[in-house]
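Construct the complete structure from the given sequences, taking the supplied hints into account.
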Amino acid sequence: MAFIASIYEYILTVPLRVFYLGVGLFGIGFLIGFHELGHFVFCKLFRIRTPSFSIGFGPRIIKKKIGETTFALSAIPLGGYVEIAGSAEIGQGDQQEALSVDHSSFAIKPYWQKMLVMGGGILFNLLFAYLAFALIFMIGLPKSEIMYPANAKPVIESIAPGSAAEKFQLQPGDEITAVNNTSVENDVSKLIALIKPHANQQVTLNIRRNGTHLSLPVTLDTKDFLGTSIGSLGIMFTIVQTPGLPLWESIQRGINYTNTIISHTFGAFKYIFGKRDVSQMAGPVMLISATAKGAGKGFRIFLVFLAIISINLAILNLLPLPILDGGQALFYTIEAVIGKPMPTRIKEYIHLGSWLLVLVLILYLSYKDILRILPFKLFNS
0 MAFIASIYEY
10 ILTVPLRVFY
20 LGVGLFGIGF
30 LIGFHELGHF
40 VFCKLFRIRT
50 PSFSIGFGPR
60 IIKKKIGETT
70 FALSAIPLGG
80 YVEIAGSAEI
90 GQGDQQEALS
100 VDHSSFAIKP
110 YWQKMLVMGG
120 GILFNLLFAY
130 LAFALIFMIG
140 LPKSEIMYPA
150 NAKPVIESIA
160 PGSAAEKFQL
170 QPGDEITAVN
180 NTSVENDVSK
190 LIALIKPHAN
200 QQVTLNIRRN
210 GTHLSLPVTL
220 DTKDFLGTSI
230 GSLGIMFTIV
240 QTPGLPLWES
250 IQRGINYTNT
260 IISHTFGAFK
270 YIFGKRDVSQ
280 MAGPVMLISA
290 TAKGAGKGFR
300 IFLVFLAIIS
310 INLAILNLLP
320 LPILDGGQAL
330 FYTIEAVIGK
340 PMPTRIKEYI
350 HLGSWLLVLV
360 LILYLSYKDI
370 LRILPFKLFN
380 S
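Take 0 as the starting number for the sequence shown in numbering that gives the first Met the number 0 and just add one per residue.
Possibly wrong hints are sitting among the right ones.
[Claimed, not checked] The list that follows gives simulated cross-link-like pairs (lysine to any residue, SDA-like), each with its CA atoms no further than 20 angstroms apart:
id : residue 1 : residue 2
1  : 195       : 209
2  : 269       : 206
3  : 43        : 137
4  : 62        : 73
5  : 346       : 362
6  : 152       : 174
7  : 64        : 95
8  : 189       : 269
9  : 296       : 189
10 : 62        : 24
11 : 63        : 95
[Stated by the list, open to error] Just the calculated beta-carbon pair ranges, DEER-fashion:
id : residue 1 : residue 2 : range
12 : 179       : 126       : 35 to 41 angstroms
13 : 43        : 358       : 53 to 59 angstroms
14 : 315       : 227       : 47 to 53 angstroms
Since the hints were derived computationally from the structure, they do not count as laboratory data.
Each residue gets a CB set at the ideal place from its N, CA and C atoms; glycine is no exception.
Printed below as a string of structure tokens:
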């Protein structure tokens, strides 16, 4: 009966889930479109012709020609492109003007302009993240683990069994006011930064407990973070919904927070490629699922998801794969060094090989995503 009730409850929520899925897909499509807009803007800035601009791949659902560019919405939302005259790249539109060398062709433009066009999408993805996080700080951080520890206060919420905090008798409700006599200023991020360098070392914590001030020596645990050992107390701090900040302070906090996420994302990519371990990578199925769930938790959490995805898109596109901006930039750099275009056939073979490798990775990650989601979460949000 419980299983039947779960199925019935799930069926009742299907329309809402479909709506959130649609919102999630719209969000991903928006990020892709914003990325491609970066390429498009720099093309227009340097008077480079753009025959088509598509959000998504495959059959075109809607299309409209404005000026020299045909704008389209295509059936598969996980991608997009700006077709650039004089730039041959498989999968980028009809490619009827790929070998163009007239005055508005990408091919005849100076190297620095080519690099800005290729980097335009990455710059726009990072710009979106900076703007999004500034807005989030201005309207107030959500009470959610997704923004932890920026939205936490240094009051212990829970303690992991067997952790340093438990061994040295810290208690839920304790407020940590200083580490080694350095005030944390009610800032959990600063507190964590003070603890990180002291793995397996003793630190002195100043504690406020029931109105009483205590000084406790604690030998920290160690845990692995992206291949680096860091100090850990084994506690979770209290997450709160924070009030909005003034505009200028929101911009500063948004920039600093975005820089932190960028740094952590670079570290994660470095760890994945250094260890050659993709077990923790998410594929398109998990990406869509997480974004749809974020949409269901309110505007602020959804915006955080989009900002984080946008940063990941930017850094992913730095990789020197020909189907990504970084690979295209590498091609044009090689051509600038050797003083002539690379043979078109060689570029096509490299493109095809890259597409096949990425397709295999996407299929593998999608398979792993489905295994993660379906068995345990089909009837649970």
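Against the structure, the hints come out as follows:
1. 195 <-> 209: violated (27 angstroms)
2. 269 <-> 206: Distance of about 37 angstroms is beyond 20 angstroms: violated.
3. 43 <-> 137: violated (33 angstroms)
4. 62 <-> 73: holds (9 angstroms)
5. 346 <-> 362: violated (24 angstroms)
6. 152 <-> 174: Holds, because 8 angstroms separates the two Cα atoms, which is no more than 20 angstroms.
7. 64 <-> 95: OK: residue 64 and residue 95 at ~16 angstroms, within 20 angstroms.
8. 189 <-> 269: Cα-Cα ~24 angstroms, so violated.
9. 296 <-> 189: violated (28 angstroms)
10. 62 <-> 24: Holds, at about 19 angstroms.
11. 63 <-> 95: With Cα atoms ~18 angstroms apart, residue 63 and residue 95 stay inside 20 angstroms; holds.
12. 179 <-> 126: 35 to 41 angstroms: holds (39 angstroms)
13. 43 <-> 358: 53 to 59 angstroms: violated (32 angstroms)
14. 315 <-> 227: 47 to 53 angstroms: Given about 22 angstroms between the Cβ atoms, the range is violated.
Comparing the model with each numbered hint stated earlier shows that hints 1, 2, 3, 5, 8, 9, 13 and 14 do not hold.
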